[in-house]
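Top to bottom, those sequences are chains D and W.
So that you can map any letter, position 256 of the first sequence is 256 in our numbering, and since no number is skipped, the others follow by simple counting.
So that you can map any letter, position 356 of the second sequence is 356 in our numbering, and since no number is skipped, the others follow by simple counting.
Any given hint could turn out to be false.
As the list claims (entries may be wrong) - Ranges of calculated distance between the beta carbons of each label pair, as one might list FRET restraints: (1) D:Arg304 to W:Leu61: 57 to 65 angstroms; (2) W:Ala265 to D:Gly260: 40 to 48 angstroms; (3) W:Ala516 to D:His202: 20 to 28 angstroms; (4) W:Val491 to D:Leu13: 29 to 37 angstroms; (5) W:Thr422 to D:Phe250: 35 to 43 angstroms; (6) D:Gly260 to W:Ala516: 33 to 41 angstroms; (7) D:Leu252 to W:Ala504: 46 to 54 angstroms.
The hints are simulated quantities; they were obtained by calculation from the structure and are not laboratory data.
Glycine residues also receive a C-beta, built at the ideal position from the N, C-alpha and C atoms.
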Amino acid sequence: MIAHLLLHLLVLLLFAPLLPGVIARTKARFAGRQGPPLLQPYYDLLRLWRKGFVLSRTTTWVFSAGPVVGLVVPLLAALLLPFGALSAPLSFEGDLILFVYLFALARFFTAAAALDTGSSFEGMGAAREVTFSCLAEPTLMFALLVLAKLSGGLSLQTLFGAHLPAAWGSGAGPALGLILVCLFVVLLVENSRIPFDDPNTHLELTMIHEVMVLDHSGPAFGMILYGAALKLMVLGSLLVRLALPWNSGFWLFDLLIYLGGLLLLAVLIGVVESVMARLRLVRVPQVLIGTSLVSVFALVLVLR
Amino acid sequence: MGWFVAGLLLLGFSGVPGLFAARAGGGAEKLACLLVWAGAACGTLAVWEVLKHGVPLVLDLPWAIPGGALALRVDALAAVFLLPLFLVAASGALYGLAYWPQRAHPGNGRRLRLFFGLISAGVMLLLSAANSLLFLLAWEFMALSGFFLITTEEHQSEAREAGFIYLVATHTGTLALFALFALLEQAAGSLLFPGAGALTLKGAEAAAIFLLGLFGFGLKAGLVPLHIWLPGAHAAAPSHASALLSGVMIKTGIYGLTRLTSFFAEIPPWWGATLLALGILSGILGVALALAQHDLKRLLAYHSVENIGIIALSLGMALLGRSYGVEALVALGLAGALLHVVNHGLFKSLLFLSAGAVIHATGTRELDHYGGLLKSQPWTGALFLGGAVAISGLPPFNGFISEWLLYLGAFGAAQTEGPGPTAALLAAPALALIGGLALACFVKVFGVTFLGAPRSEAAHHAHEAPFLMRAPMIALLLACAWIGLLPQTLVPLLEQAVALWSAAPEASAGLSAPLAPLGWISALAWVLLLALALGVWWLRRRARGAARAETWGCGYALPSARMQYSASSFADFLVRLLRFGLWSERHGGAARGLFPEPGQFASHTPDLVLDRGLRPAFCGLAWLFRRLRALIQNGLSACYLLYVALTLIVLLLLGGFF
């Protein structure tokens, strides 16, 4: 059990920074550029780890709590989540609620850390972040309701269990398709990707997540980047398992399917980021409410 | 039972010695605090006895008043409501020593302590009453003491207005309760409360009883649209009185509804559905109105509306479970509701007490005058943060545990096959939305109050609260953390209460399976807490001696504290999104021309029901009746003679008919 837990975390910790690298490379290729090396995020983390700090005079201990929560929460949440067909180290009835609320805790402290600097830009980012997330939350709940209804259990392990291939083939296929789209939108919102937020923008006024971490430096900033990569992988795992629900029976194949799926997902995000412009801020809530409605339809399809 | 009665008397009379003490000087404030503590300790002992043996305490004494005996009954259901009462009353009394000392408030200090004790005793009596008359008596005791607590600062027109609105509201509710208990007496044949599930009433009579109860108790609990008295009252009362009002008193409405529904053997599905819908409405509207406020205590008061909504929706789930015979839903819904009653009592009083410490230090309730208080008030800030995390329903504190139970119930309802309590699944997305909005609101409150730079002179010179104010807050936070970190310890209490409510000893079995993972949650909460503490400690150590600089302001060299995001600007995006339900007023704020003149901006969100609905309606009615009176009572004797003649004719005609 301990070995399982450590392996689970090891896969997460080692693989996660590759995803932002793949996204960046995809975008570069779309733009006709060479792009940074695939392993660039690892180098960045290493460099930040060795750097010193510059802290704002207005900040308090809450400012350092933000990066720590942002790093600890995905690690804890990953313990509840099966990686593809590989089972989760910890699983109990109702762990899906804990999973959702752990990320809410991370949001609370990231936004609080942003407000700790007293900068109006960071206040702006924090306000946008909490606004968009609370609109994405019902979508996630409807999606989980659909999955819970199909699986008959209340743990992430059962929700993303071996029944999924059969469920795709049965009448619930369309509902699962809708849920897949909704979860993809939630993934983009929660990880601040285009079309909801542009991680590469250089204008503070238009940023959401980037502006919240403007004042972090050195290892604290490294923790934030690492935490963001972990979050992308953890939330992406939900999508990958839903889209590639096969169990081969041999752990190595399962792992390869899972990691390959994650890489595909990263490429997909890169493609979306390359072909879309970001939405105007006032349009974002409309999209999110639209996705909530789509997920309601999915629920109706399953309940009928 | 002796302990219970002793506690009741000690609490009730705690303020009385003060009346004989001199106005100048201590006013026997320490004695009053001691009596409250003794009373709370006696009460806790009695409740402990109930829970240990699983047998209710009963007291039956002959009574001169017609309609039965003086019957008291303390069972597990009452115990759930009594425990937070004792903790909040004891903490409030200690807090009051420093927050409202007799020397600083010679005019109203003794009166505040008198009614603080009386309302605690009133709630205690109400929760243990097993007789309708006694219940109503305690209800009025509590309601009137509440009025005097709200109007403590009666020289301020705001407090007077809030008090009168409260008085009107509470007596309207009492009127409904009179009718309710009259009907109940007819149905049950006695003024004594029937046992759980003993009332086999159906049809219109049962519906009338339920609707009267929903109105009377809902008015006290503050369910939207009956919450009109709540925001003003909680804002006007002194902070430790607000803590008692919000943490304990409004829960008596929930207690009434819970007790009332336990009498019935059969519950039609529409009861649960109504309560569920009202709960969702209260939850969303309460938190939306809270987001739009910039008065700290009004904001917290609207959060009480939100939390009452959450409790009501879980009670609705339990009722739906009863109607369809789904035991798991009954157990989870009721356990969630009761646990949330306890939790809200704890974290809301913690928040009101720490808000009081902030107001004490800065002298204002306006959020936009705060800022950077965590530096001058490190303890208060950390305690408020704990309360904020708890009320947002986040792990590792207690709010998460009760919401977790509710989610389990809602997901379980979605999984039941065939026609059944499917409506209960709506609770899950509604709770998610409410939770997200509450999180936004508390990030706003905590951030604007305690983080950043001070926005006013008063915030610059703020000071930490004295130890007497901090100690009760620490106790409340520890209680929140205890439920969050060791939730298994509460399972026996919840099981007893659920078995009592559904009148079936085996009903608690529906609870043991879903509650088994609480051990996992507890373990993960500990890991989370330890990992965070370790991480923050490590990062702080690593950052020791780091270079200090100004906050990055996009290259702008002269940042000022007024440029920070304020409470209104933080909430603006969400408030605009929710404008269809809030109808905020905005004035000014537009910049004209290339070099705009200095401008002004003001935003204000009045209460949807009171300020937009009832006040204009009653003003219109008052105007109409004034006109009518001027028309009829016009001072002409001829007209009066005409009225007499007309009345006589009408009476004669009527006499001819019958």
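Checked hints:
1. D:Arg304 to W:Leu61: 57 to 65 angstroms: holds, 59 angstroms
2. W:Ala265 to D:Gly260: 40 to 48 angstroms: About 59 angstroms separates the Cβ atoms of alanine 265 of chain W and glycine 260 of chain D, which means 40 to 48 angstroms is violated.
3. W:Ala516 to D:His202: 20 to 28 angstroms: At roughly 52 angstroms between Cβ atoms, histidine 202 of chain D and alanine 516 of chain W fall outside 20 to 28 angstroms, so the hint is violated.
4. W:Val491 to D:Leu13: 29 to 37 angstroms: Taking Cβ atoms as reference, valine 491 of chain W and leucine 13 of chain D lie about 36 angstroms apart, which means the hint holds.
5. W:Thr422 to D:Phe250: 35 to 43 angstroms: With a Cβ separation near 41 angstroms, threonine 422 of chain W and phenylalanine 250 of chain D satisfy 35 to 43 angstroms, so the hint holds.
6. D:Gly260 to W:Ala516: 33 to 41 angstroms: holds, 37 angstroms
7. D:Leu252 to W:Ala504: 46 to 54 angstroms: holds, 52 angstroms
Going through the hint list in order, the structure does not satisfy hints 2, 3.
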